[in-house]
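*Asks:* Make a model of the complete structure from these sequences and hints.
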Amino acid sequence: MIPGEPTEPTPISFRRRASGRRRWLGVVIVVVVLLLLSLRGLATFWTDYLWFDSVGFSSVWTTLVFSRVMLVLIATAVAFALMFANLVLADRLAPRTLLPAGSPDEEIVERFQGWVGPRLVRFRLAVAGFFGLLIGLGAGSWWEDWLLYRNHQGFGIADPVFNKDVGFYVFDVPFYRDLFGWAFQFFLIATLVVAALHYLNGGIQVQPRRQRVASGVKVHLSVLIAVLALLKAGGYWLDRYDLVFSSRGAVVGATYTDVHAQLPALNLLIGISVVAAVLLLVNIRMKGWTLPAAAVGLWLVTSIALGGIWPAAIQRFSVQPDEINKELPYVARNIDFTRQAYGLDTVEVRDFAAADDLSAGDVAANGATISNVRLWDPSVLLTTYRQLQELRPFYQFLDVDVDRYMVDGVLNQVMLSGRELDDSNLPDSGWVNKHLVFTHGFGAVVSPANTVTVEGQPDFLVKDINPADGVPSTLEITQPRIYFGEALESGSYVYVGTKEMEVDFPVESGSETVAFNSYDGAGGIQVGSIFRRAAFALRFADVNTLISGQITSDSRVLMVRNLRDILTKAAPFLYPDADPYLVVVDGHLVWVQDMYTVTDRFPYSTPAGSDAATANAVNPATGRLSTRSGLPSDFNYIRNSVKATVDAYDGTVRYYVVDDTDPLIRSYRDIFPSLFSTFDEMPTVLRDHLRYPEDLFRVQSDLYTRYHVTDSRVFFNNGDPWEIARDPSTTPIETLRAQFTVDNRPMVPYYLLMQLPDEDRLSYLAAQPFTAATRPNMVSFLVAKSDADSYGDLVDFELPRDSFVDGPGQVGARINQDTTISAEFTLLGQEGSAVIQGNMLVVPIRESFLYVQPIYLSARSGGSDLAALPEFKRVIVVFGGRIEMRNTLAEALSAVFGESSGDGTEPPLPTDVLTAAAQLLQRADEAYVRADTALRDGDLGTYQSELEAARNLVDQARNLLEQAATTSTTTTTTAPGA
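If you're matching positions, the sequence shown starts at 179 in this note's numbering and goes up one per residue.
The set of hints was computed from the structure by calculation and includes no laboratory data.
Per label pair, the in silico range of CB-to-CB distance:
#1 Gly-307 <-> Ser-237: 26 to 34 Å
#2 Val-649 <-> Asp-535: 40 to 48 Å
#3 Gln-657 <-> Gly-307: 55 to 63 Å
Glycine included, every Cβ here is placed at the ideal spot set by N, Cα and C.
*Replies:* Okay, structure coming up:
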């Protein structure tokens, strides 16, 4: 290198600079990502407030946020202060003398002291701050326990062991658990941290032959461990109260072993823990750790021997050999508390004769019930609605709701479904289409539950985009647009009132295929300033929100549109029913959603998720819940305390309290007074459409299979177990939480408009039949009323114990074994059509049961299920030993109860005729199989010939049956004059 020339950087210096630049670039990227995440979190926080404010619940948001923040701040501050004080104390108690030379701890202590010395205060603040946050942040999850504790309500029911009101277990104990758990966690961590600091300060010396603990250190650690012992005693004190939820014995609750062994053991452990704390403090003035060690040893032995072995021994050798006598008093408690927890204590039991002398006159006298027998199954009708009324691929019907309306001055049961937007099936999935253009569904379809057109289709009261004249006034929809619904995807959002016009509805005439509209409702959040716009862009991670020229400051964002999301966001402590339903209220479409209060803290009550909740001990009481249900998997108390409503157009939300007797909802109402409206504030027109919720009725019905028994001895021996009646239908299976086979699925409750025995008017009710667990005969018929003056009344119609009335499963088997009906099914199902046997309806008439089952035919085009269009074809009526299938319900009833045959039945066809027809139909089936095989193989000639042969065989069977029926009827008619 020539002196004076500039020095060129070496390759090593280049690499160092490049490495430094990469490091800085990495740091910048991390900082930017953290900043964006922080900004997005802040944006979500702010826009959440804007949403709560837009629905009128800003005070709810304030309470939810403030309670969480307050608890975190208090817990963090207390943890920080206590930890900092302990660190200061540990430093002050540090030995002032050097460790012995050559001590194995000398180097560690000197290094620590050398590093901490100049920055002691910062070290204490950092350690205390870290553990304060670590322990304090979890306190935010206590918000509900804390608010319920502060707004404690009494149940007016005391448990029989501790004589505590149920409210103590529901409202107080959970918060006590939070406090004791937090305190024990803190002092355990503090003890370990302080012990480590004492070691690093030289107060604890670990030497090869002995360990030395400075006297001040001993005092400090003894006090901390004594506090842990006292907190453990507090934990045992709370464990005593958890015995009322024990599942050790024959039933849930504190049973014989819990009361006579586990409870005394816990009391003794409380005493030993307190003694251990005292000995730790006494030992401060003594040498060594003998007394504390003895106390800990005694505690260990007692907790194992008395806390575990002794109760197990009592259960095995004292209770099990004499279980019925030992457990009967506790069984009675479980029955009483479980029935109260699930609202089964108010069931009215009525005797039902199940007579077999029902006549045509009785049927005529109950014409109001007969005329409202439901001929359409919701699951079948849903497919029909989709085929006939979805109109465009971007519309959908999610489900069909059952309700009642006044039509021409007469109360009628109807089926209704909203035509919602299918935001997963838009013609173009671009941002503009998804968030600006396709924003809402349109209208609803309504049809009577009890009428059918001549083509076998629903007899629509409301249909199409622009319903024709003649729509009943109670069903007139003046605002058909559905911006908020149950079918919308969770998290979907749209901007309305933008420069881009929204697709309103399809049109069939003119050059346009759709009509357009712009939202002018008050729903949603006004976009407003650029800051709000940026916040929404961050929340949705959507830059188009920020840069789109179609969105103005006057535009509104509908941020939460899914019905369940709306209701659980505003009230996260309420649980939604699986099936919200749409109601026409003063021309608007309004969603009604049943909301539940639940707890798992009701003493002596069997959890719904337990196998012990039902008589069959296989499926829990939550097994028949739909997978769409919002109820938790386990609880032991439930009330339908709230009916929530959401306007489908503007998103107006209301929570109406309908059960003031529920202590949980009274507590929540005290916490969130602005959230709830009284039942009196609900519009009368809306009250007329309230119904008993299906999820609650399913849970109650399942529990009732076991808890209809009130005699503790019979209950213990499972002497009268019931089952939910089997469902003999072949309709699509609803997806339930438990697994059921097609041949063994249970009936789910159904809604009926009928006149109950010994009552003089129609009632709208949910119904659930039961059979005996040991035989498939009907034993009971439970109904839940939905009328305003009797809402929530449960009535159990119990059959005589010596009766042998066929249950729905048996009736279904008899129908399938009936040769005439079986032959007709084969005729209906020719050429690939599918016969669907609808829901079996159990209809009480006077003191008898009538079974009604609609039959549908699903015609397919090209074998595609998508082209299936179910049509009503027949209806079967069963009474006693008589089974008749006809085109209409009136014809079937006439066939069963008509006077022409003397005994109410038509003469049976000769056995040889039925056998011959069955053989012809069997051959036709075989020909259809051969035709199908030939078609798959591409052999069209064989396909045509086999298909023609099958049709000829079916025609022969039909002619044979018709001729035999005519001959039989003629013979019967002329016989008396012969």
